[in-house]
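Enquirer: Keeping their order, the protein sequence lines are chains A and B. Per the working numbering, the first sequence starts with residue 1283, numbered consecutively. Per the working numbering, the second sequence starts with residue 411, numbered consecutively.
Hint data in this document are derived by calculation from the structure and do not stem from the laboratory. Among these hints, one or two may not hold up.
Here are the simulated lysine to any residue pairs, SDA-like style, with alpha carbons at most 25 Å apart [what the hints assert, rightly or not]: (1) B:K562 / A:R1361; (2) A:K1534 / A:L1559; (3) A:K1311 / B:K562; (4) A:K1326 / B:E434; (5) B:K549 / A:V1470; (6) A:K1311 / B:A476; (7) A:K1326 / B:E450; (8) A:K1311 / B:E414; (9) A:K1326 / B:R474; (10) A:K1534 / A:S1567; (11) A:K1434 / A:A1421; (12) A:K1326 / B:D530; (13) A:K1326 / B:G449; (14) B:K549 / B:D530; (15) A:K1311 / B:D425; (16) A:K1434 / A:W1474; (17) A:K1311 / B:E434; (18) B:K562 / B:R474; (19) A:K1311 / B:G449; (20) A:K1311 / B:D530; (21) B:K549 / B:G508; (22) B:K549 / A:K1434; (23) A:K1311 / B:E427; (24) A:K1311 / B:R474; (25) A:K1311 / B:R412; (26) B:K549 / A:A1469.
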Amino acid sequence: MLSNVREIIRPASVEEAVARLGEAGGAIKPMAGGTATALFRSPKVTGILDLWSLPLRSIEEDGEGLRIGATTTLGELDRSPLVRRWAGGGLWEAARAAASTPLRNLITAGGNVAGLYPWSDLPPALLVLDARVQLAGPAGPELRLEDLVVEKHPSSVLGNSSLLTEIVLPMPPPGAGSAFLKFAQSAVEYSWLDVAAYLEMEGDRCRSCRFAVGAIEPRCRRLRKVEALVSGSRLGPETLDRAGEAAASEVKPTRDARAGEAYRRTLTATLARRALLEAARRATSGGGR
Amino acid sequence: MRIELTINGALRSLDVEPGELLLEVLRRAGYRGVKFGCGEGDCGACTVLLDGQPVNSCLVLAARVAGHEVTTIEGLGTVHHPNPLQRAYAEEGAVQCGYCIPGSILSSHALLERNPDPSDEDILEALDGNLCRCTGYAKKLVAIRRAARELKEGGDE
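Bound conformation, chain A alone (with noise of 0.2 Å):
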């Protein structure tokens, strides 16, 4: 039971919704999956805006990409034939490694990306696939996920009377292959460390690179120094023992009670390596979209 909540408001466009959110000044919390509402049940929230009945459940490929509608569930997502293939599967990798089967049944692409959260595994995994935002009210229309999700908390790019509507992912090129893999002890524990890759290939050369983590620093980021040395580069086991070693110096993993800074920057060289050697497997094996 959440004892504060007095108010339960289905908005019935994105207009109404924003708007309410304005005239609320903070009292009212938007909510899509909701796991993190009932979890937290802070004190504060007094209304809850069900963002549910809004029309924003969906994943379209359309001229420009793959959009996924915010409060489109990760479970949805995992059991997309679009999103499966999407850049050789990264963002299909992501979509499954967050919690639990009946926990990916109500957590959705939106809230994952806006709540950034301890389970958000999917932040990582569209950063590299360069994926952009919609957003309604005052912070809108658009922004590079990047500007929403790495140097702040979303929630303060956002505001109180914002809302993520979207994501946008441009069309990956032939010869694109991305992969994402997470480490942690069960399949629902929180992530210790997250990385996602994307490789545009040539042959064995790697014409451009996108690489991110996520769960070790307080908001997931991409590695530029590790994407210049790979872009550019052959992807021999030479390039991809360079790789991983500069990841695990440019990460800055925070305090962990599970395991040690020394371990999680070896654990990153490893990861990076895996994701980068898989992501060029997929993308000369015709990954694509």
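With chain A fixed as given, assemble chain B onto it according to the hints.
Expert: Here is chain B on its own, set in the frame of chain A:
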């Protein structure tokens, strides 16, 4: 506030508090097969099907399922007319204390609806949100494989 929803195929109208959770409302309405375990979405004892998909009812506000369809273990079968999954769980020894079983069977049911011929990997993944701390998962695999076989042969329901 009053909400209307479909529970186990029947239209129900229920009085709920705005902050009440689906788990609490279902148990109060008599669906005691829905169990309170951790209350944090970790254990899966409270699993129900919402529009056919397993969810943790301890994390769902009841008010938001107005107009939706909920299935609890009571909706799958009865003691005298068990669903093939329920019979297989019982006969294969997949049930000891039983606390996780309603959720586990509902997750298994959703799996078989989507994938009538699951691999062991598919089964274990479908159960990744239903923690069992006494029987374990070996007997559940046996039971779910058996139920899948029986449902495919179609002679049992």
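Enquirer: Next, verify each hint and record whether it holds.
Expert: Status of each hint after checking the structure:
1. B:K562 / A:R1361: Distance of about 22 Å is within 25 Å: holds.
2. A:K1534 / A:L1559: Between K1534 (chain A) and L1559 (chain A) the Cα gap is close to 23 Å, so the pair holds against 25 Å.
3. A:K1311 / B:K562: 46 Å, violated
4. A:K1326 / B:E434: 22 Å, holds
5. B:K549 / A:V1470: 21 Å, holds
6. A:K1311 / B:A476: 19 Å, holds
7. A:K1326 / B:E450: With Cα atoms ~19 Å apart, K1326 (chain A) and E450 (chain B) stay inside 25 Å; holds.
8. A:K1311 / B:E414: Holds - the C-alpha atoms of E414 (chain B) and K1311 (chain A) are around 24 Å apart, at most 25 Å.
9. A:K1326 / B:R474: Distance ~20 Å between K1326 (chain A) and R474 (chain B) Cα, so the pair holds.
10. A:K1534 / A:S1567: 33 Å, violated
11. A:K1434 / A:A1421: 14 Å, holds
12. A:K1326 / B:D530: 45 Å, violated
13. A:K1326 / B:G449: Holds: K1326 (chain A) and G449 (chain B) sit about 20 Å apart, inside 25 Å.
14. B:K549 / B:D530: Status holds; Cα separation ~12 Å.
15. A:K1311 / B:D425: OK: K1311 (chain A) and D425 (chain B) at ~23 Å, within 25 Å.
16. A:K1434 / A:W1474: 21 Å, holds
17. A:K1311 / B:E434: 22 Å, holds
18. B:K562 / B:R474: 35 Å, violated
19. A:K1311 / B:G449: Roughly 21 Å separates the two Cα atoms, so the pair holds.
20. A:K1311 / B:D530: Given that 25 Å is the threshold and the Cα spacing comes to 41 Å, the pair is violated.
21. B:K549 / B:G508: Holds, at roughly 13 Å.
22. B:K549 / A:K1434: Violated: K549 (chain B) and K1434 (chain A) sit about 48 Å apart, past 25 Å.
23. A:K1311 / B:E427: Within the cut-off at roughly 17 Å; holds.
24. A:K1311 / B:R474: 14 Å, holds
25. A:K1311 / B:R412: Roughly 22 Å between the alpha carbons, so the hint for K1311 (chain A) and R412 (chain B) holds.
26. B:K549 / A:A1469: With a Cα-Cα distance of about 20 Å, the restraint between K549 (chain B) and A1469 (chain A) holds, given a limit of 25 Å.
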